Amino acid sequence: MKSRTHAEAYDVVIIGAGVIGNSIAYHLSEQNSQNILVIDKSFPLSGTSGSTQAWVWVHTKTPSSYGELSLFSSELYPYLERKIGDVEYKRTGGLAPFFTEEEREKALKLAESQAKVGIDIKVLSRDEVLKKEPSFSPNVVGATFSSIDGNVNPFRLLELYTRAAEKNKVDYSFYNPVVDIEQQGDGYMVHSEKGVFRTKKLILAGGPWSKQLGSFIGLDIPVKLVRGQVLITEPLAPLLNYTIGGIRQANNGEVLIGYSKEEVGYNRQGTLDVIQETANMAVSFVPALANANVVRSFSGVRVVPEDGLPIFGEIPGRKNLYIATMHSGITLSPVIGTLMSELISSGETSLPIEKYSISRFA
Amino acid sequence: MNIDLLVVGGGPAGLMAALEAAEYGVNVAIVEESSRLGGQLRQQTQYLSPLPSGIGEIRGFELANELVEAVTFNKHIVTYTNHTVIGLYEDGSVGINNGKEIIRCETKKISVATGADIQGVLFPGWTLPGVLTVGAAQILVNRERVKPGNEAFIVGSSDFSIEVALQLYDVGINVLGIVETETSLHDRKQENLYRLKEKNIPILENSYIEQAKGRGQVEKVILNQNGNKEEYDVDLICVDGGLNPVIELCQLYNCSFAFNEILGGWLPTYQANFETSTDGVFIAGNTAGITNQGAVMVTGKLAGLGAAESLGNVPEQAADVWRNNYWSELAKLENYQVNEARTCHIQNFETSKTKVYET
Ligand SMILES: Cc1cc2nc3c(=O)[nH]c(=O)nc-3n(C[C@H](O)[C@H](O)[C@H](O)COP(=O)(O)OP(=O)(O)OC[C@H]3O[C@@H](n4cnc5c(N)ncnc54)[C@H](O)[C@@H]3O)c2cc1C
Ligand SMILES: Cc1cc2nc3c(=O)[nH]c(=O)nc-3n(C[C@H](O)[C@H](O)[C@H](O)COP(=O)(O)OP(=O)(O)OC[C@H]3O[C@@H](n4cnc5c(N)ncnc54)[C@H](O)[C@@H]3O)c2cc1C
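Order-wise, the sequence lines are chains Z and B. In case it helps, my numbering puts the first sequence at residues 1 to 362. In case it helps, my numbering puts the second sequence at residues 1001 to 1359.
By construction, these hints were calculated from the structure, which means they are not laboratory data. Quick caveat, the model's predicted, so the values are computed rather than measured. Mixed in with the good hints there might be a few duds.
Unchecked claim - Computed Cβ-Cβ distance ranges for the label pairs, DEER-style:
(1) Gly1120/B to Ala362/Z: 56 to 64 angstroms
(2) Phe155/Z to Glu1219/B: 34 to 42 angstroms
(3) Arg1104/B to Phe155/Z: 29 to 37 angstroms
(4) Gly1312/B to Asn280/Z: 48 to 56 angstroms
(5) Asn293/Z to Tyr1194/B: 29 to 37 angstroms
(6) Gln183/Z to His1186/B: 53 to 61 angstroms
(7) Ile1058/B to Lys194/Z: 52 to 60 angstroms
(8) Arg1104/B to Gln183/Z: 50 to 58 angstroms
(9) Arg156/Z to Glu1261/B: 24 to 32 angstroms
(10) Glu1261/B to Ala288/Z: 41 to 49 angstroms
(11) Asn241/Z to Glu1144/B: 38 to 46 angstroms
(12) Arg1036/B to Phe155/Z: 52 to 60 angstroms
Unchecked claim - Reference excerpt, derived from the structure (chain Z facing chain B, CB under 10 angstroms, subset only):
(13) Arg268
(14) Val274
(15) Ser345
(16) Ser346
(17) Thr349
To be verified - From the derived model, a few chain B residues whose C-beta atoms are all more than 10 angstroms from chain Z:
(18) Ile1055
(19) Val1078
(20) Thr1084
(21) Tyr1089
(22) Glu1090
(23) Asn1098
(24) Phe1259
(25) Val1338
C-beta atoms are modelled at their ideal positions from N, C-alpha and C, and glycine is treated no differently.
All chains should be built: construct the whole structure from the sequences, respecting the hints.
Right, here's the structure in full:
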């Protein structure tokens, strides 16, 4: 039991046990030099990390500097697996189809700009697409393809981050909402339902609740909430070979389908309008899906910074206060964990991260 | 489709809710996903007890037939079998699938009476054909007239599984015993225990199934009783891991939930009129907490009355009088602990409503 009366002290407190908070906790704990606490108002998969499509997706990420960051992160995945265990990371290769000739122009430009940062993209003709992915609709005009894209099992990923961090003596406090944050000298007092924690360094990794966490300490975190609804089919015989924008087939044969982007606040209800639209879209891409039974749907809420790019780093003017919030956190978690732990423990990072500072919105 | 009250589920709770609301002139549609109304009463061949006052001695499927008849001849009620409620549209209208198309239905109120699921019991070999839930075995024997095996163990000793054990015996299945991890049984219907004795079906206390074995189907079972292992030749294992309310639709409606072990686990929070935290969404039957069939019927009446009242078809005072009557009847019919848990669940309604953290 945590004591309510006097504050427990930590070197680092991380608010949020999603994929981002957990990756930071794990990477930081590898150094075994700091007392770390991760607090979550619920459990690790209750937020966006438990309702995600989990593509580890690189090749269409622009500007190319952001593509490069995603590339580094996916390069780290095999190495991460050797350290924390099998997270079912598969580098399947990724296809982003297009359906008009104008889009081919854009595709060629994308290939050119991404080549500069080392992302290898092929622009495929219709025949080449259909050869790679025979179940695809013949209405496709072409696709961009890269062998770097893939996917991961987000449940295993989060569990293995947590286990590895716990092994390195990270403390967790679940079902414990943080209700206020107070700056005290160079450190922070974190007020939670189960007590007060004193910490030298504080990291905000609250995903879709980032705005609320910011408001505790007078900061505006410029993110919006974007709902996505995902359909899951019954297990089907092997149908898709690659990870495709919007559709992939999981190991067990289930196909995950999702395209929707809805700004409805933190609302995880599913709506039949979108479910039907999503199903129609999937059938127009992969006609054989017309015969599949959809057995479930879920919806998740993306946290998307206003300019679409990740926000992470120290908060200017707030010594020892850090933030990490972004869309595509599954793809990015290995590199974000690595860079944030470098920054927190030494003040320096092996890659420049200034362009991801929250100060760009000032 | 455009109605006052949509009742989802044509089991005893849904049928009673529809009949009660129709008394007050409410236009009701009942949507049932299977091909017939009657719900899980359809395969219950045992005499039901206790039942609400005014209903004489009757078997489950006979009661189902009577309720279905009453509903069919009621001019305020329309019924749709082979129709499944699968979701909600953005504007709140309900999506109903009839296997060919999805029908949009606008309704003022909804009553969710989707019943309960039976949980499995896990042991090595539990996925082999020949391992069924007690409910599935009951459906096969009493409704489909299929004998699922010859030599059986029952796992779990609720009144429900004891009834199924007796019904399997009656169709010539040799029931070797009812396997129970507990060391002493309480609260079981005495009459059923007596009938078990009569038929030489033992309740094996302090025991569990270590493993089911067989090539392609169950052939052998290793039973652990008081720490001693013994192997038996059986081809049927009927498991009862307890009933849980079916609540998916309430999740779609964003109802708030609470966990209540005695009522069967997670279920929506609700008020004395059986309305959930979402306006206009009522629940009834096992969806509102696992209880016996008689009590299930009364919860249906309460939900039907609540919906009729909120539609303005019953004056508040009259509704209160009836509601009090039904609540006293409920207290008489259902197990004391269940009734206590239900009362507590309802008392917590206001607090649990304010406790929802995510807004
Ligand atoms: C439909 C959908 C599809 C997606 N597809 C992909 C994809 O294919 N590839 C990809 O890389 N990304 C994808 N994403 C995005 C990715 O899932 C997210 O970027 C990532 O999960 C964010 O992780 P997080 O740790 O920041 O947030 P979360 O997982 O939401 O974690 C935040 C945690 O903070 C806790 N918290 C918040 N406030 C408090 C408080 N006051 N006190 C205590 N704890 C608090 C919450 O309980 C929560 O557990 C998708 C997202 C959605 C919704
Ligand atoms: C297989 C089985 C056998 C049982 N046998 C016994 C027994 O012998 N003794 C006993 O005491 N209890 C038994 N029970 C418990 C049973 O739940 C109660 O006896 C009683 O039938 C509960 O009534 P109800 O109206 O709440 O639910 P049910 O009788 O289960 O009725 C619910 C109805 O809702 C329909 N439905 C569900 N979802 C949807 C949807 N989305 N759209 C449309 N329709 C839907 C279902 O098809 C079903 O007909 C059994 C339960 C099961 C599952």
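Taking 10 angstroms as the limit, does the beta-carbon of Thr349/Z come near enough to a beta-carbon in chain B?
34 angstroms, violated
Given as non-interface: Phe1259/B, partner chain Z, CB spacing beyond 10 angstroms
For Phe1259/B, whose nearest Cβ neighbour in chain Z is about 13 angstroms away, the distance exceeds 10 angstroms, so it holds.
Taking the CB of Arg1104/B and the CB of Phe155/Z, does the distance hold inside 29 to 37 angstroms?
35 angstroms, holds
Beyond 10 angstroms on every Cβ pair: is that true for Ile1055/B relative to chain Z?
39 angstroms, holds
Would you say the C-beta atoms of Glu1261/B and Ala288/Z sit inside 41 to 49 angstroms of each other?
Taking Cβ atoms as reference, Glu1261/B and Ala288/Z lie about 45 angstroms apart, which means the hint holds.
Could you see if the CB distance from Asn293/Z to Tyr1194/B stays within 29 to 37 angstroms?
Taking Cβ atoms as reference, Asn293/Z and Tyr1194/B lie about 47 angstroms apart, which means the hint is violated.
Hey, does Val1078/B actually stay past 10 angstroms from chain Z on C-beta?
Holds, since 22 angstroms exceeds 10 angstroms.
Go ahead and decide if the range 24 to 32 angstroms is satisfied by the Cβ distance of Arg156/Z to Glu1261/B.
30 angstroms, holds
Assertion that Tyr1089/B lies outside the chain Z interface [Cβ separation over 10 angstroms]:
The claim is violated: Tyr1089/B sits with its nearest Cβ about 5 angstroms from chain Z, within 10 angstroms.
Interface hint compliance - Val274/Z to chain B, C-beta minimum distance less than 10 angstroms:
For Val274/Z, the interface hint holds, since the closest Cβ of chain B sits about 8 angstroms away, which is under 10 angstroms.
10 angstroms cut-off, C-beta based - Asn1098/B kept clear of every residue in chain Z
Given that every Cβ of chain Z is farther than 10 angstroms from that of Asn1098/B, nearest at about 14 angstroms, it holds.
Quick one: work out the minimum CB distance from Glu1090/B to chain Z and report holds if it exceeds 10 angstroms, violated otherwise.
5 angstroms, violated
In this structure, the earlier hints numbered 4, 5, 12, 15, 16, 17, 21 and 22 are contradicted, and the remaining ones agree with it.
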